[in-house]
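*Asks:* Each chain, written out:
2 protein chains.
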Amino acid sequence: MPELRHDPIQKRWVIISTERGRRPDDFFVDNTTPSDGFCPFCEGSEGKTPPEIFAFRPQGSPRDTPGWQVRVVPNKFPALRIEGELNRHAHGIYDAMNGIGAHEVILETPQHDVHLADTPFAQLELVLRAYRDRLRDLLNDRRFKYVMIFRNYGSAAGATLAHPHSQLIATPVTPKTVALELQSAMEHYVVKERCLFCDIIRAEMEEGTRVIAASEQFVVLAPYASRFPFEIFLAPRRHRHDFAAITDEEIRSLAVIFRTTLQRIKAALKDPPYNFLIHTTPNTRSTDRTTYWQTIEHDFHWHIEILPRLTRVAGFEWGAGFYINPTAPEEAAQFLREVEL
Amino acid sequence: MPELRHDPIQKRWVIISTERGRRPDDFFVDNTTPSDGFCPFCEGSEGKTPPEIFAFRPQGSPRDTPGWQVRVVPNKFPALRIEGELNRHAHGIYDAMNGIGAHEVILETPQHDVHLADTPFAQLELVLRAYRDRLRDLLNDRRFKYVMIFRNYGSAAGATLAHPHSQLIATPVTPKTVALELQSAMEHYVVKERCLFCDIIRAEMEEGTRVIAASEQFVVLAPYASRFPFEIFLAPRRHRHDFAAITDEEIRSLAVIFRTTLQRIKAALKDPPYNFLIHTTPNTRSTDRTTYWQTIEHDFHWHIEILPRLTRVAGFEWGAGFYINPTAPEEAAQFLREVEL
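From first to last, the protein sequence lines stand for chains A and B.
So that you can map any letter, position 1 of the first sequence is 1 in my numbering, and since no number is skipped, the others follow by simple counting.
So that you can map any letter, position 117 of the second sequence is 117 in my numbering, and since no number is skipped, the others follow by simple counting.
Errors might be hidden in some of the hints.
One copy or two, either will do: identical chains are not told apart, so a pair holds if it fits within one copy or between any two.
Calculated cross-link-like contacts (lysine-lysine; reagent style DSS-like; alpha-carbon spacing at most 30 Å) [what the hints assert, rightly or not]:
id	residue 1	residue 2
1	192	48
2	76	48
3	76	176
4	11	176
5	192	11
6	176	192
7	11	48
8	192	266
9	48	270
Since the hints were made in silico from the structure, they are not lab data.
Produce the complete structure using the sequences and hints provided.
*Replies:* Right, here's the structure in full:
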């Protein structure tokens with residue numbers, strides 16, 4: 001059973017995934033090259049994944065058979081386990097609990113070789129609907145405080161299989177970066193009774209220099225204090241705190257600007273490795289009644305972070321939590337705005 | 001002039017190093033391969049670095065000439081600039097200041113091909129004394145709130161030149177991870193009137209399973225909630241909050257256990273890339289009178305973090321600040337303890 005352990009110095013939970021148990025020698029095998037010829041995520045290989053949790057597939061077509069458009073399966077090597085009790089406990093002066101959670105893989109298309117930036121809008125809509133529908137379902141499980149949806153593209157970004165896929169991990173604690181965003185948003189709201197993110201979006205639209213694209217419903221920005229070159233922030237222009245509440249119509253609009261943004265990255269930066277992730281509200285149905293919950297509907301704002309992986313993170317960044325970004329966000333925005341698609 | 005910008009959502013300062021200004025095309029040149037044949041850090045190339053700030057060299061031998069044992073020079077491409085005023089200002093709803101700071105390179109040996117784990121103890125002592133002496137000097141500059149000393153070894157850990165060297169960056173804000181450690185330490189002290197780190201060291205010595213090595217003066221641990229496989233924590237067993245106050249005698253003892261630890265990593269993990277960094281007290285002479293300063297002498301405890309770079313950090317880690325570690329710290333400690341040197 002994996003274990004969640006708390007670091008009392010950095011106030012951080014860590015997943016010790018002992019079942020994957022990697023001993024020193026295991027680190028010298030290159031795990032990033034997919035085995036040639038066979039892909040467990042391709043259409044026709046449905047039997048090679050754990051049984052399907054969810055799919056968009058023709059009505060009446062049975063589970064775990066070909067014909068699907070988007071398919072969600074448990075991760076075969078999950079970081080957290082779905083079955084069991086949390087069993088929160090002390091370990092001497094430390095704190096721990098069982099590594100309970102969900103770890104799912106969203107197979108974005110039956111085709112092996114397609115790039116997410118090049119899929120038809122309708123296909124990307126299905127992917128975004130799968131995110132939303134899995135989120136809705138998992139938020140019914142009160143053991144889970146948060147569901148993080150993310151994508152690793154390219155081996156330098158942590159992808160181990162080439163077939164287009166994203167992942168989600170549901171955790172029994174609110175992740176540290178999200179907890180910090182909730183805290184910042186609440187503090188801002190307490191003073192101003194305005195959403196911090198809405199304020200940022202309004203200021204950025206006025207200044208303009210860091211805006212990459214904007215539609216009626218969404219905006220794409222290079223954040224003022226970007227950690228990484230070409231870092232991107234995508235959010236709804238209207239106040240929305242919960243990705244699980246997104247409508248099909250909003251998804252249609254999101255798919256257009258999101259795919260265009262991925263195309264800009266692909267064209268401007270020569271198809272770089274990247275990560276993206278969705279930050280949305282934590283599970284307010286869980287039993288954790290912190291002070292955030294009182295204002296979260298008004299102060300939080302869901303958004304997507306896209307992080308191209310162009311630079312290596314070195315000692316100073318790890319040690320200080322302090323990033324050195326060699327590309328000004330204004331230059332990045334201009335470049336991405338003007339790239340020919 | 002580089003700029004420090006504050007992210008109001010993540011409450012994080014970022015260095016926007018526009019003078020290094022990297023445009024998209026710059027990211028596709030491999031900067032990690034040192035130019036063959038010529039090394040600006042080797043003995044005899046003193047004219048190829050900016051003028052020396054500090055050196056251990058024979059008495060009477062002039063600056064910027066051969067004969068040195070350890071040499072400290074400004075980074076030729078500094079992330080921060082030493083000259084100027086901070087000029088703290090608002091930028092619309094955001095906060096910024098000039099990128100003022102020090103960025104120095106510690107050349108650990110005149111020899112190009114020696115591994116830090118294989119240098120004589122006396123040489124490593126000189127390196128540690130150079131760290132301490134530069135720290136002492138820079139803490140006189142009240143613009144600087146913190147001095148981070150770190151080492152990147154191997155290109156995957158961010159090193160761009162092979163010649164053995166470490167770096168230091170002095171910053172006008174306390175880095176986020178250090179601020180968090182200070183906060184945790186202070187909270188612990190307020191309740192218990194004990195140092196959090198001393199408590200951890202005592203508990204670890206009693207439990208034993210995560211102890212890699214211990215001498216009379218120092219202890220080397222695999223942290224209970226290690227983020228990364230084979231992560232290492234090295235600290236004085238007696239309460240010491242300030243690395244700048246380390247004595248020559250303590251340095252002699254530190255050099256022995258530190259070099260042995262680097263040898264364990266090299267032997268057990270086949271000479272992996274790694275980062276190490278020193279966490280010490282911030283500059284209490286600076287003007288930042290936060291509440292920490294009242295107890296820092298009693299509650300903080302300097303330590304060295306060593307982070308072998310064996311796994312790739314992927315989307316979940318970036319997005320959540322939540323790490324998945326596939327190797328239990330107890331296994332890592334046992335392996336490092338038992339490796340043949």
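*Asks:* If a hint holds in the structure, say so; if it doesn't, say that too.
*Replies:* Quick rundown of the hints versus the structure:
1. With identical chains, the CA atoms of residue 192 and residue 48 are never at most 30 Å apart, being 53 Å at best within one copy and 54 Å at best between copies.
2. Proximity of residue 76 to residue 48 under the C-alpha cut-off of 30 Å is restricted to the intra-copy arrangement: shortest distance 10 Å within a copy versus 53 Å between copies.
3. Taking the closest pair of Cα atoms, residue 76 and residue 176 come within 30 Å of each other only inside a single copy of the chain (26 Å); across copies the shortest separation is 36 Å, beyond that limit.
4. Proximity of residue 11 and residue 176 under a CA criterion of 30 Å is satisfied in both settings, with 8 Å inside one chain copy and 13 Å between copies.
5. Taking the closest pair of Cα atoms, residue 192 and residue 11 come within 30 Å of each other both inside a single copy (28 Å) and across two copies (18 Å).
6. Proximity of residue 176 and residue 192 under a CA criterion of 30 Å is satisfied in both settings, with 24 Å inside one chain copy and 25 Å between copies.
7. In this assembly of identical chains, residue 11 and residue 48 lie within 30 Å of each other by CA distance neither inside one copy nor across copies; the values are 39 Å within and 44 Å between.
8. In this assembly of identical chains, the alpha carbons of residue 192 and residue 266 never lie at most 30 Å apart, being 39 Å within a copy and 54 Å across copies at closest.
9. Proximity of residue 48 and residue 270 under a CA criterion of 30 Å is satisfied in neither setting, with 33 Å inside one chain copy and 34 Å between copies.
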